[in-house]
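**Student:** Given chain X, work out where chain H should sit, using these hints.
Protein chains: 2
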Amino acid sequence: MRKKGLLIVISGPSGAGKGTICKLLLEENPHIKASISATTRKPRQGEVDGINYFFIDTDAFKNMIQEDELLEYAKVYDNFYGTPKKYVLDNLEAGNDVLLEIDIDGALQIKEKFNEGVFVFILPPSLEELKNRIINRGTETMEDINKRYSSALKEINQVIKYDYAIVNDNVEGAIQDIEAILRAEGCRVIRQYEDIITRY
Amino acid sequence: MRKKGLLIVISGPSGAGKGTICKLLLEENPHIKASISATTRKPRQGEVDGINYFFIDTDAFKNMIQEDELLEYAKVYDNFYGTPKKYVLDNLEAGNDVLLEIDIDGALQIKEKFNEGVFVFILPPSLEELKNRIINRGTETMEDINKRYSSALKEINQVIKYDYAIVNDNVEGAIQDIEAILRAEGCRVIRQYEDIITRY
Numbered sequence: 018m019r020k021k022g023l024l025i026v027i028s029g030p031s032g033a034g035k036g037t038i039c040k041l042l043l044e045e046n047p048h049i050k051a052s053i054s055a056t057t058r059k060p061r062q063g064e065v066d067g068i069n070y071f072f073i074d075t076d077a078f079k080n081m082i083q084e085d086e087l088l089e090y091a092k093v094y095d096n097f098y099g100t101p102k103k104y105v106l107d108n109l110e111a112g113n114d115v116l117l118e119i120d121i122d123g124a125l126q127i128k129e130k131f132n133e134g135v136f137v138f139i140l141p142p143s144l145e146e147l148k149n150r151i152i153n154r155g156t157e158t159m160e161d162i163n164k165r166y167s168s169a170l171k172e173i174n175q176v177i178k179y180d181y182a183i184v185n186d187n188v189e190g191a192i193q194d195i196e197a198i199l200r201a202e203g204c205r206v207i208r209q210y211e212d213i214i215t216r217y
Numbered sequence: 018m019r020k021k022g023l024l025i026v027i028s029g030p031s032g033a034g035k036g037t038i039c040k041l042l043l044e045e046n047p048h049i050k051a052s053i054s055a056t057t058r059k060p061r062q063g064e065v066d067g068i069n070y071f072f073i074d075t076d077a078f079k080n081m082i083q084e085d086e087l088l089e090y091a092k093v094y095d096n097f098y099g100t101p102k103k104y105v106l107d108n109l110e111a112g113n114d115v116l117l118e119i120d121i122d123g124a125l126q127i128k129e130k131f132n133e134g135v136f137v138f139i140l141p142p143s144l145e146e147l148k149n150r151i152i153n154r155g156t157e158t159m160e161d162i163n164k165r166y167s168s169a170l171k172e173i174n175q176v177i178k179y180d181y182a183i184v185n186d187n188v189e190g191a192i193q194d195i196e197a198i199l200r201a202e203g204c205r206v207i208r209q210y211e212d213i214i215t216r217y
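Protein chains in written order, with the working numbering: chain X, 18 to 217; chain H, 18 to 217.
In short, the hints are calculated from the structure, not lab data.
As the structure is a computational prediction, the values presented were derived from the model and not from experiment.
Watch out, some of these pointers could steer you wrong.
Pairs involving identical chains hold if they fit within one copy or between any two copies, as the list cannot separate such chains.
[Said to hold, decoys possible] Capping the alpha-carbon separation at 30 Å, the derived lysine-lysine pairs in DSS-like fashion look like this: (1) Lys148 <-> Lys21; (2) Lys59 <-> Lys130; (3) Lys20 <-> Lys178; (4) Lys21 <-> Lys171; (5) Lys21 <-> Lys102; (6) Lys40 <-> Lys20; (7) Lys128 <-> Lys178; (8) Lys20 <-> Lys103.
Here chain X stands alone, though its shape is the one from the complex (with noise of 0.2 Å):
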């Protein structure tokens, strides 16, 4: 019965996992579509508008904070970030599920401005294998890897502002647990309450 899409917003921490799993989500569910972020940064090399990012400058970037036209954003160094509202509830009109990977900072505040979202946290199978999984990026010293940990942990400790937590120990796994969770969501009787009183 299901006719408009799902935004699902995934957030976990680092060395959770949750770049992989999205990305494989993604190229098995040819119907989910990833959120494209806008921002105020430089192209790079090979990065195209509307595919990579939206580019915009930055009082493209202001008016559209103004404008109440963004779900989330940030400032990171001299940069901006946003989530677009408009590719994502065009997305959702359209039937299509729309993926947002994204910190809990810009989760928390999507989830304001768009309650109806799904929110999963993806966990790391324990914290011995997050901190194994740190580490082994490689490129750290040893404290970037201690504070990306303990910047982990508290992490964590948002999982409750979530509707539901995956313990990534196995991808795929973790991408059936996504795919049951969006079409168990479709069935929610708070989703279709409209189409249920027009249709009997």
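**Tutor:** The following block gives chain H in isolation, referenced to the frame of chain X:
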């Protein structure tokens, strides 16, 4: 991560096809157990105590009511029928899901006592199809058919009290919906929160 099972309560108007769905769901998922009702009616030929029903006398039944040992109960003609809490909770504790196919009054009683249950409403594909299915049962008078039909309409209005609604235009699809619902519900943060804070 889920260890405890889920209680899944399935209702819907007569003619929605919930009986077929429940039968196949149980056949395809050995970890889902059908709830067993207690009743004061006498066993029929071939019925086995503890398999088809728990057959008990009226004093024992009334005692179960008083001791709050039933998730719901009703009196139909001269006999009591009810859902013993213990059988359900023991199975959930053992990690089995428990399936309970029950009318709306029963489901709403359960919702009051056991809000953690997952409440699913099965809808017929359309009102025309519902009427056809009621007629095709063949054994009833026109008056019975109209009565059943108008009571089905009233029942459909109760869908808002359920968590999920599934349109049964395809039995295998409906079963997959329920399987997705069980998998997704197992990922809900509120069902895992204690595990999560213990583990991280």
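**Student:** All the hints need checking, so say for each whether the structure fits it.
**Tutor:** Hint check results:
1. Taking the shortest Cα distances, Lys148 and Lys21 sit within 30 Å of each other only across copies (29 Å), while inside one copy they are farther apart (40 Å).
2. For a Cα distance limit of 30 Å, the shortest separation of Lys59 from Lys130 inside one copy, 28 Å, qualifies, whereas the shortest one across copies, 58 Å, does not.
3. Within a single copy, Lys20 and Lys178 get their C-alpha atoms as close as 27 Å, and across copies as close as 22 Å, so both meet the 30 Å cut-off.
4. Taking the shortest Cα distances, Lys21 and Lys171 sit within 30 Å of each other only across copies (27 Å), while inside one copy they are farther apart (35 Å).
5. In this assembly of identical chains, the alpha carbons of Lys21 and Lys102 lie at most 30 Å apart only when taken from the same copy (15 Å versus 39 Å across copies).
6. In the homo-oligomer, the alpha carbons of Lys40 and Lys20 lie at most 30 Å apart both inside one protomer (24 Å) and across protomers (29 Å), since each shortest distance falls under that limit.
7. Both within a single protomer and between protomers do Lys128 and Lys178 lie at most 30 Å apart by alpha-carbon distance, with minima of 9 Å and 24 Å respectively.
8. Taking the closest pair of Cα atoms, Lys20 and Lys103 come within 30 Å of each other only inside a single copy of the chain (18 Å); across copies the shortest separation is 41 Å, beyond that limit.
Going down the numbered hints, you'll see the structure goes against none, and every one checks out.
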